[in-house]
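Could you slot chain B onto chain A? The hints should help.
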Amino acid sequence: MSSFPPKEKALGMYERMYLIRKYEERIYYLFLEGIMPGTIHQCTGQEACAVGMLYDLRKDDYMASTHRPAGHDLAKGVSLKSMMSEMFGKADGCCKGKGGAMHTGDISIGVLPANAIVGGNLPIAAGVALAFKMKKKDNVVVCFFGDGATNEGSFHETMNAAAIWKLPVIFVCENNQYSATTAISMVCNMENPAADRAPSYRIPAEVVDGNDVLAVNEAATRAIERARKGEGPTILELKTYRHVGHSRNDACGYRLKEEEAEWFARDPIPNFRKLLLERGIATEEELSAMESRIEKEIDEAVEHAMAAPYPELESALRDVYWQEVLN
Amino acid sequence: MAVMSIAEALRQAIREEMQRDETVFCLGQDVDIPGGMGGAFTVTKGLGAEFGYERVLNTPISEIMMAGVSVGAAIAGMRPICDLQYGDFLFCMMDQLVNQAAKMCYMSGGTVKVPMVMRAPCGATTRGAQHAQSLESYFVHVPGLKVICPSNAYDAKGLMKTAIRDDNPVIVFEHKLLYGSSRKEAGALNPVGEVPEEDYTIPFGKAAIRREGKDVTIVANLLMVYRALEAAQILEKEGVSVEVIDARTLLPFDYDTVLESVSKTGKLCIVHEDTYTGGWGAQVGSYIAENAIYLLDAPIKRVATYDTPIPFSPPLEKFVIPSTDRIVEAVRELARM
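First to last, the sequence lines map onto chains A and B.
Take the first sequence: its letter number 44 is residue 236 in my numbering, and every next letter is one higher.
Take the second sequence: its letter number 314 is residue 374 in my numbering, and every next letter is one higher.
Hints were generated in silico from the structure; no laboratory data involved.
Because the structure is a prediction, the values reported are computed rather than measured.
Possibly wrong hints are sitting among the right ones.
As the list claims (entries may be wrong) - Derived lysine-lysine pairs resembling DSSO-like cross-links, with alpha carbons at most 30 Å apart:
1) K328(A) to K105(B)
2) K421(A) to K327(A)
3) K329(A) to K251(A)
4) K358(A) to K199(A)
5) K221(B) to K328(A)
6) K328(A) to K282(A)
7) K324(B) to K329(A)
8) K329(A) to K221(B)
9) K251(A) to K449(A)
10) K201(A) to K421(A)
11) K358(A) to K421(A)
12) K358(A) to K105(B)
13) K251(A) to K282(A)
14) K449(A) to K214(A)
15) K327(A) to K105(B)
16) K466(A) to K488(A)
17) K324(B) to K266(B)
18) K327(A) to K221(B)
19) K244(B) to K105(B)
20) K378(B) to K244(B)
So here's chain B without its partners, still in its complex pose:
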């Protein structure tokens, strides 16, 4: 088994799928210009030379077109993987994703399918408010889309393969601080991990328990999984046993795993880098309250980015994004109840 970064695992998934299925192709701005970076974060580097620049299509800066062309190509039998560079640009293509991609199957009475992947790098990385957001919740709200967020290399390969083979539009949130690519980011983790050489997929709607515990359940995604694990280590020393669940996919969402965990711990803390109001944690929290409030021994806690645009100044950015300390504080409070 090879040890690799998330960027490498994503590249391997895309490469293997392009080898396996000639309808799979990549497109995006700078997706692989010779001498360039291979997307903004190196994921697609080298694929153009390997597969040719018809299947690794460098596009103009035209997000509506990129998304719309993906929709059309998907309808006509291709499997486009579109790279957005920064998830914030999703808003430039909102109509194509929400009114078009998500609704084609339904509006056509189930006769038109749109198998496309939109790759959206996310997360605050001292680039200021427009290259920083975690926008998962906007898309969790859209019936017809799927939303996934791999947090380690093994998941990155398996979930990306599932996304490419899925017959529906899938938005992949990839965290900029988790890529572990050659592009250095302040505060980046490099969660390298073992990735099987062979072909494997990971089904959507299956969360992963990253750490077992019995006192409090934390549900998190992407970078926040790592902060939650760090918090769990700190709390362990205080005698608080924390179970950490990585959501892995947000639409579909694996409520069962959370319910099962909560039935054991009785306490739930949801952590995300998405902002607080209307973040995906609000949905998960209300689902648990609606379906299992009597399993709970304490109110549901949410630790999320404060309701502000993301500021640039490093200490300010650090302040608004959930820190390990904020998670520890919240869980500590729950443990006392």
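Pulled out of the complex, with its shape left as it was, chain A reads as follows:
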């Protein structure tokens, strides 16, 4: 059992996990109803990874996400409203409607545009870390990727470079067992596709229960401290499971019901909620009030996004190149 954080932090972590869960649920329904355009890659079930890793990051630390970015973005602090508006392609979305579900971010708080090329964010995160090192800042970068990304060439190239240059980056493999519909065990001859490779780069690694927000947070604390002290990168492999399909229209026909049942029982959110109550960190009333407030915020964000105007058409022709004046 992990040591327990102070009340404010424990509740803060629960709040963010709950926000992510409800955000994804709401988007799923909006999508099924045909109200929301685009595609979706949801992180339902993986909330503890995002929150545990990012809860203690500073605003000026960076985070690099993937095609499944909502949890990471919300955990790092991208505004709910700007995320929801982006999902609808509206003018006040976090990318002005030019990014969409797979590219959400907010550079003003260190959130890189999410990257929809598997493994594409790895060297970019290393580059940000190199900039921190060259500028002699003690900032760090947290870079998320899936189990599938470990088979990309960019993974190998980036791990090698991060190791030789001792870059302040934490590489976080969210191993949800599947690369889209392919079980990772079919395409990688290793139990832990990220962590087992770490020794070959002489990068320290940990395998962590990705559904235990406290365990993730403790591992994050160790890795972040190492990075801030200039001791170089860490690979964390978080074992987790997505409760939903890879993307829209994926009914998960490739997964065994027994496997799903086992993982659903390890749902990070109700389990952490139970712990908060058992330990007397919060009362049922407190948690319910928090949950209602979050649901209301999501309702408001949806209402706002649906009513918000689309970008003017000519805006599609702008931002191809950096415009100092407009920014």
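Positioned in the frame of chain A, the structure of chain B alone reads:
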């Protein structure tokens, strides 16, 4: 004013920018190993000793990483200048250049900038098919990138400085036969030229008229500018007056200068070392046809590398790359029309 080669002018531009702005740094394979060559073509030689090896970063042979690290460092406030050794290796980093560097600003709604320079030596130099290509056209096709190709020492310094200061990803094509570096290349020109000591920049999107003429307009870049000038001299003796325009930058491209020239000559010949089909000349030719076909008195001609990989054997290589003779022939034909 000092007289110097393109390699020296590029080095001076990089050195001055590194002195001026501490966020500017170099990276690349062998970019400056003590006792090494200073990149493959001497451009970055000596910079490590001068600025330290943290700002002149020798990298593993990992093109995806080199490009991706450049993107990330640029986003986080640095100005990386990455040396690729051979432009052919651009394909090893295509995702980072095209999906990442070129799209970050746009995808983020104009909130993320990527001020990076990718230096890509190009041109056929009897090294065979994989160390030979002129790949400008691939990148001219990518909104979000800029593509430049300095052909003399003055431009090399001024355009490189503009590239380093630009807030967007810029790919610099440097021709291996034009460097004039200590590394000897068969068939190399050494276009040494006067380069001002002081700081100056050359804006992108401004072509240069290298020779004025009234009968036929040639638009060329890099090595082909010199072959076009040679052809113009030969044709002059035949009474054909050729105007030679050096494109200097391909994205943005200075269509106005070409339009103005064509409105005078009525005849256009485009010359590049890039292969024929889909080469940048195809874009320029169709732009002129689309916007100014009634200014033309003859069809647009294109002289380009034949649609083959670049062969090794020196006579074969020479055969597929546009020669002065091929340019003369094409322009002669235009002049007769």
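Quick check: which numbered hints come out false for this structure? Numbers 4, 6, 7, 9 - these are the hints that the structure violates, sorted from lowest upward.
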